[in-house]
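Participant: Below, each chain spelled out in residue letters.
Protein chains: 2
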Amino acid sequence: MQRSLAAFKEYGKTPPTQRAAFLEQIAAQLESRREALVATAHEESRLPLPRLNGELTRTTNQLKMFARLVREGSWVEASIDKGDKDIRKMLVPLGPVVVFGASNFPFAFSTAGGDTASALAAGASVVVKGHSAHARTSEAVFGAVLDAIRESGVPEHTVQHVLGPGSTTGKALVMHPHTTGVGFTGSFSGGRALMRYAAERERPVPVFAEMSSINPVVLLPDTLHKNTAALVKTFAASITLGMGQFCTNPGLLLALESPALEVFLQQLGAEVSQAQAHDMLHSGIADSYAEGVKDMLDQEGIAVVQRGTGVIAKVAAAVFLRNPHFREEVFGPFSLMVVCKDKTEMTAVLENVKGQLTGTVMATEKDLEDHSDIIALQATLAGRVIINDAPTGVEVCNSMVHGGPFPATSDARFTSVGATAIKRWVRPVCFQGFPGHLLPEELQDGNPRKIWRLVNEQWLNT
Amino acid sequence: MQRSLAAFKEYGKTPPTQRAAFLEQIAAQLESRREALVATAHEESRLPLPRLNGELTRTTNQLKMFARLVREGSWVEASIDKGDKDIRKMLVPLGPVVVFGASNFPFAFSTAGGDTASALAAGASVVVKGHSAHARTSEAVFGAVLDAIRESGVPEHTVQHVLGPGSTTGKALVMHPHTTGVGFTGSFSGGRALMRYAAERERPVPVFAEMSSINPVVLLPDTLHKNTAALVKTFAASITLGMGQFCTNPGLLLALESPALEVFLQQLGAEVSQAQAHDMLHSGIADSYAEGVKDMLDQEGIAVVQRGTGVIAKVAAAVFLRNPHFREEVFGPFSLMVVCKDKTEMTAVLENVKGQLTGTVMATEKDLEDHSDIIALQATLAGRVIINDAPTGVEVCNSMVHGGPFPATSDARFTSVGATAIKRWVRPVCFQGFPGHLLPEELQDGNPRKIWRLVNEQWLNT
Chain A
479 MQRSLAAFKE
489 YGKTPPTQRA
499 AFLEQIAAQL
509 ESRREALVAT
519 AHEESRLPLP
529 RLNGELTRTT
539 NQLKMFARLV
549 REGSWVEASI
559 DKGDKDIRKM
569 LVPLGPVVVF
579 GASNFPFAFS
589 TAGGDTASAL
599 AAGASVVVKG
609 HSAHARTSEA
619 VFGAVLDAIR
629 ESGVPEHTVQ
639 HVLGPGSTTG
649 KALVMHPHTT
659 GVGFTGSFSG
669 GRALMRYAAE
679 RERPVPVFAE
689 MSSINPVVLL
699 PDTLHKNTAA
709 LVKTFAASIT
719 LGMGQFCTNP
729 GLLLALESPA
739 LEVFLQQLGA
749 EVSQAQAHDM
759 LHSGIADSYA
769 EGVKDMLDQE
779 GIAVVQRGTG
789 VIAKVAAAVF
799 LRNPHFREEV
809 FGPFSLMVVC
819 KDKTEMTAVL
829 ENVKGQLTGT
839 VMATEKDLED
849 HSDIIALQAT
859 LAGRVIINDA
869 PTGVEVCNSM
879 VHGGPFPATS
889 DARFTSVGAT
899 AIKRWVRPVC
909 FQGFPGHLLP
919 EELQDGNPRK
929 IWRLVNEQWL
939 NT
Chain B
479 MQRSLAAFKE
489 YGKTPPTQRA
499 AFLEQIAAQL
509 ESRREALVAT
519 AHEESRLPLP
529 RLNGELTRTT
539 NQLKMFARLV
549 REGSWVEASI
559 DKGDKDIRKM
569 LVPLGPVVVF
579 GASNFPFAFS
589 TAGGDTASAL
599 AAGASVVVKG
609 HSAHARTSEA
619 VFGAVLDAIR
629 ESGVPEHTVQ
639 HVLGPGSTTG
649 KALVMHPHTT
659 GVGFTGSFSG
669 GRALMRYAAE
679 RERPVPVFAE
689 MSSINPVVLL
699 PDTLHKNTAA
709 LVKTFAASIT
719 LGMGQFCTNP
729 GLLLALESPA
739 LEVFLQQLGA
749 EVSQAQAHDM
759 LHSGIADSYA
769 EGVKDMLDQE
779 GIAVVQRGTG
789 VIAKVAAAVF
799 LRNPHFREEV
809 FGPFSLMVVC
819 KDKTEMTAVL
829 ENVKGQLTGT
839 VMATEKDLED
849 HSDIIALQAT
859 LAGRVIINDA
869 PTGVEVCNSM
879 VHGGPFPATS
889 DARFTSVGAT
899 AIKRWVRPVC
909 FQGFPGHLLP
919 EELQDGNPRK
929 IWRLVNEQWL
939 NT
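Chains A and B supply the protein sequences, listed in that same order.
Counted the way my numbering counts, the first sequence spans residues 479 to 940.
Counted the way my numbering counts, the second sequence spans residues 479 to 940.
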């Protein structure tokens with residue numbers, strides 16, 4: 479952390495062009511060793527090769543997106559007020575930050591993943607704690623980052639890499655006085671522990687933990703009746719994708735009782751049980767999944783629809799509402815259908831789930847007309863509300879929100895995917911009465927960087 | 479809090495025009511009872527009438543500024559990406575929030591002050607806990623808010639008002655499951671307690687506590703020599719303004735040892751001791767101030783320059799660096815000059831103070847040339863860096879940052895003064911695959927509100 483602070487003091491001042499080139503250089507270094515990286519990740523994570531190739535592409539695209547963002551420059555929220563006093567403001571990096579690798583995304587949420595890319599784009603230095611489930615992948619990715627550091631001429635310790643248990647190494651990193659922020663994607667217990675450590679520090683720091691979500695999907699009656707086969711196909715694929723090891727996996731389904739629902743459930747069960755299986759990420763996750771399924775199926779009033787590659791179960795809304803255990807996440811290809819007698823029960827179920835990453839509504843136009851309140855309710859629960867698509871498959875773009883009310887994440891005000899993820903690693907600083915040459919370029923008269931700025935309450939890029 | 483949640487469900491959906499009119503109506507109601515409000519606040523707070531009149535004007539101006547912001551509408555950070563998928567995003571209000579009145583600003587940081595105004599602008603409902611030191615003022619302001627609620631047709635419980643001790647009533651409000659955010663301006667111990675309560679909740683919520691700051695001022699040698707009289711006048715006024723009861727009071731001065739410094743200190747002492755005195759806000763603050771001064775002057779190596787209406791003391795940098803007590807705030811008209819042998823000591827002192835609201839540098843052009851590193855250092859400590867002006871006097875504008883690294887505030891990423899204070903009470907929500915008529919107006923095609931939006935990485939207001 480001391481080296482990270484020393485690196486930050488230089489790196490935080492690098493011009494945007496150099497920072498962007500560094501991000502692009504990391505992407506290029508990763509690309510140049512794609513085959514080896516994907517092979518190592520496959521050995522360690524058991525994830526299929528096409529998935530890992532796609533994930534690596536997403537990872538390099540993320541790096542390039544942040545490079546574009548930094549080069550364009552308007553993200554700093556520059557603002558100028560010239561009244562009696564000359565007051566200007568922009569975002570500056572926090573300092574050294576700690577990023578925890580995630581077990582379920584060896585590339586996109588790990589060593590050079592979204593947390594690292596957004597932190598580096600912001601001008602923060604990064605210490606990565608690699609995940610033990612893919613330690614060799616993490617080290618190989620870090621090797622690519624080190625080469626990018628050398629090629630780009632940024633300080634040697636701009637990014638550092640350590641391995642070790644979360645409860646000791648991870649805790650020590652979070653508690654270190656030089657640490658100014660933390661990024662984490664993983665379990666609820668792990669994220670909640672980091673939140674506690676950070677809150678107990680002499681100087682508390684923000685923790686961005688993406689932790690758990692059951693991603694409720696409401697299947698409205700008209701579409702369930704008319705589009706049964708298509709819905710079965712979409713959700714069987716979404717539930718079993720990557721053996722259900724996605725944060726946005728649809729773990730909770732809601733529908734009104736009807737003959738169409740019974741048909742849907744039978745077909746979904748059949749499809750899910752026959753899906754192509756592969757090993758889970760590591761034995762710890764496989765054990766947790768087996769235990770989670772067992773605990774869930776032990777609850778009173780639950781019925782198994784079918785079990786195979788994945789497990790589909792159902793429960794009456796009245797039973798769901800009495801037992802908080804049904805609100806818990808089973809990380810893996812498990813999904814629970816809550817059968818509701820009427821819209822009142824459906825509303826009650828949604829009002830009783832916790833904060834979510836996503837909320838989905840499957841609907842025909844007629845359904846949407848009849849259920850606008852259900853859509854509004856989903857927006858109060860989740861960071862992303864989806865109509866007529868599966869929640870899995872998170873686009874990396876400006877408008878993405880991969881975040882949501884606790885316990886989906888530690889802080890619903892931020893996203894860990896998409897361009898605005900950069901906002902987690904910055905704070906505003908106001909410069910009052912500064913002579914022009916002492917101002918950052920972004921705030922100088924004449925707008926040398928031609929960025930969008932709020933000047934006396936007007937948006938201008940001139 | 480239950481009533482607040484019910485009100486939020488309606489108020490959070492009010493159109494911007496109605497929300498803006500409501501804020502303007504509060505301002506009008508306050509203006510219409512100015513004389514009575516100022517008289518009551520004077521009785522309770524002992525603050526001079528001109529100050530209170532000015533503060534009430536600031537308060538109504540804040541309300542009007544937020545009305546403009548809401549009416550203009552671009553603050554919601556609308557963003558649209560139309561690729562394979564249709565993904566849109568904007569900020570939405572968090573829910574019911576709790577605002578604590580501040581003892582030192584009966585209007586601007588209390589019942590209808592900046593926290594309340596920014597929360598209402600965001601679409602949050604508010605429960606105010608009035609400060610016991612000006613309970614009647616708080617109730618009278620709340621009366622004005624109630625009339626504005628009736629006039630504007632917003633839900634009856636959009637704003638509510640309670641009185642009671644922080645340790646019971648305040649804690650209960652922060653811990654209530656419906657609470658989604660907290661605004662506080664006050665002591666470090668009070669703010670830190672609220673942070674702990676919020677972190678211990680089953681569902682943690684953000685706390686924006688503005689707590690303590692000694693606002694270091696560096697007086698550089700050339701200006702100290704050339705502009706002694708002007709500096710004495712500026713800082714004697716700033717130190718004693720409102721009996722030093724401002725969060726941005728300059729409690730720590732730094733200068734290199736020199737004959738000019740001795741002249742400055744003698745004149746500053748004389749000026750401060752002769753300043754017009756008035757009673758402090760309440761007996762608790764007066765007692766704390768007396769104790770704080772006594773504790774400080776009991777420290778080894780400190781010397782009193784002069785005491786009267788205010789107290790000026792001095793200490794050698796080497797002594798300051800050995801004793802952490804010198805970094806603590808004495809809330810009131812107290813200022814400690816740290817006499818530095820050289821720039822290295824000056825840098826060491828700055829590196830050893832905690833997070834600050836403001837950092838100030840007084841300098842000629844020559845000074846600035848010789849000390850750009852000192853200015854850069856101030857920017858790492860504080861939310862606002864000022865060149866050649868006193869830190870007291872916080873302009874309410876877009877570019878203001880009234881915030882800073884812990885313990886100045888609980889969260890350096892936000893400000894409690896200025897237009898961006900609204901960002902404390904919102905979170906982003908992503909709308910994916912929504913048919914146009916179900917989207918919020920801000921995200922609809924054709925941009926009916928004509929706000930600035932980021933559309934496929936381009937800023938457009940059409």
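Think of the hints as simulated: they come from the structure by calculation, not from any bench.
There's no promise every hint is true.
[What the hints assert, rightly or not] Mimicking DSSO-like on lysine-lysine, the simulated pairs with C-alpha atoms at most 27 angstroms apart in a straight line are:
#1 A/928 to B/901
#2 B/711 to B/901
#3 B/491 to A/844
[Unchecked claim] Far from chain B by the CB rule (all over 10 angstroms, computed), these chain A residues:
#4 502
#5 561
#6 864
#7 873
#8 898
Glycine included, every Cβ here is placed at the ideal spot set by N, Cα and C.
Participant: Compare the structure with each hint and give your call.
Facilitator: Each hint, compared with the structure:
1. Restraint check for residue 928 of chain A and residue 901 of chain B: the C-alpha separation of about 25 angstroms stays at or below 27 angstroms, so the hint holds.
2. Between residue 711 of chain B and residue 901 of chain B the alpha-carbon distance is near 37 angstroms, which puts this suggested pair outside the 27 angstroms criterion.
3. Of the pairs offered as hints, the one joining residue 491 of chain B and residue 844 of chain A holds, with about 23 angstroms between alpha carbons and a cut-off of 27 angstroms not exceeded.
4. Residue placement check: residue 502 of chain A keeps its beta carbon more than 10 angstroms from all beta carbons of chain B (closest about 17 angstroms).
5. Annotated as non-interface, residue 561 of chain A brings its C-beta within 10 angstroms of a C-beta of chain B; the closest such distance is 7 angstroms.
6. Look at residue 864 of chain A: its CB is around 4 angstroms from the nearest CB on chain B, not clear of 10 angstroms, so calling it non-interface is violated.
7. Once the 10 angstroms rule is applied to beta carbons, residue 873 of chain A is inconsistent with being away from chain B; the minimum gap is 6 angstroms.
8. The beta carbon of residue 898 of chain A is not kept farther than 10 angstroms from every beta carbon of chain B, the shortest such distance being approximately 7 angstroms.
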